[in-house]
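A.B. asks: Residue numbers in the sequence shown follow the numbering used here, run continuously in steps of one, and reach 488 at the last position.
No lab work stands behind these hints, which were simulated from the structure alone. All values derive from a computational prediction rather than experimental measurement. One or more of the hints may lead you astray.
Said to hold, decoys possible - For each label pair, taking beta carbons as the anchor points, the in silico distance ranges come out as:
#	residue 1	residue 2	range
1	K405	T367	28 to 34 Å
2	R334	S451	34 to 40 Å
3	R389	P450	38 to 44 Å
Cβ coordinates follow ideal geometry from the N, Cα and C atoms, glycine included.
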Amino acid sequence: MARILYGVQGDAHGHAIRALTIARRYPEHDFLFVSYDQGAWLLRQEFPVFECPGLATFVRNHRLDSVRTILGNLRFFCRERLHHDRLTRVIDEFKPDAAITDYEYSVPRACWRAGVACLSLDHQHAVTACFHRVPRRQRPSYLATYLSIRLLFSRASRHVVTSFFPSPDPCMPTPVVF
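Build the full structure now, drawing on both the sequences and the hints.
C.D. replies: Next comes the structure, spelled out in structure tokens:
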């Protein structure tokens, strides 16, 4: 039996549903989830959850609202150290054997500080792990997406990219472990 800390992006239900599917598949292990908002609400129905604020993505008319997303996350970044200190204490108390993150910001950073291996399991890293032919007019948007994923969500020890996207180009062998 392993003790697994599992960070889940909490804006909506998709990441939490994937996490629930995995945790239900391994009932012999102890899971402690770290999430917020809708993700925390959904996970709490079946598993213990440590609620920790996370980065939010704001959408308007089915498109990213960049200004609102940036401004809305300033408060999180102003209190980031406090959130990480609380999460580090949870890690010290729970003593996980390993951690998983599903596009959650804080767990990989806290795990790194605590010396706990953390596996990233998400589909967003298809943007950073695969080659893409991007039309010229979409390059600024692609670059912004690439950089936000790479800079904010790529701190795990290893990454597993899940995607049903039929990329015409193969995923590249990652030249740098990120």
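A.B. asks: A separate judgement is required for each hint: does it hold in the structure or not?
C.D. replies: So, going through the hints one by one against the coordinates:
no., hint, in the structure
1, K405 <-> T367: 28 to 34 Å, "holds, 32 Å"
2, R334 <-> S451: 34 to 40 Å, "holds, 36 Å"
3, R389 <-> P450: 38 to 44 Å, "violated, 30 Å"
Violated hint: 3 only; the structure is consistent with all others.
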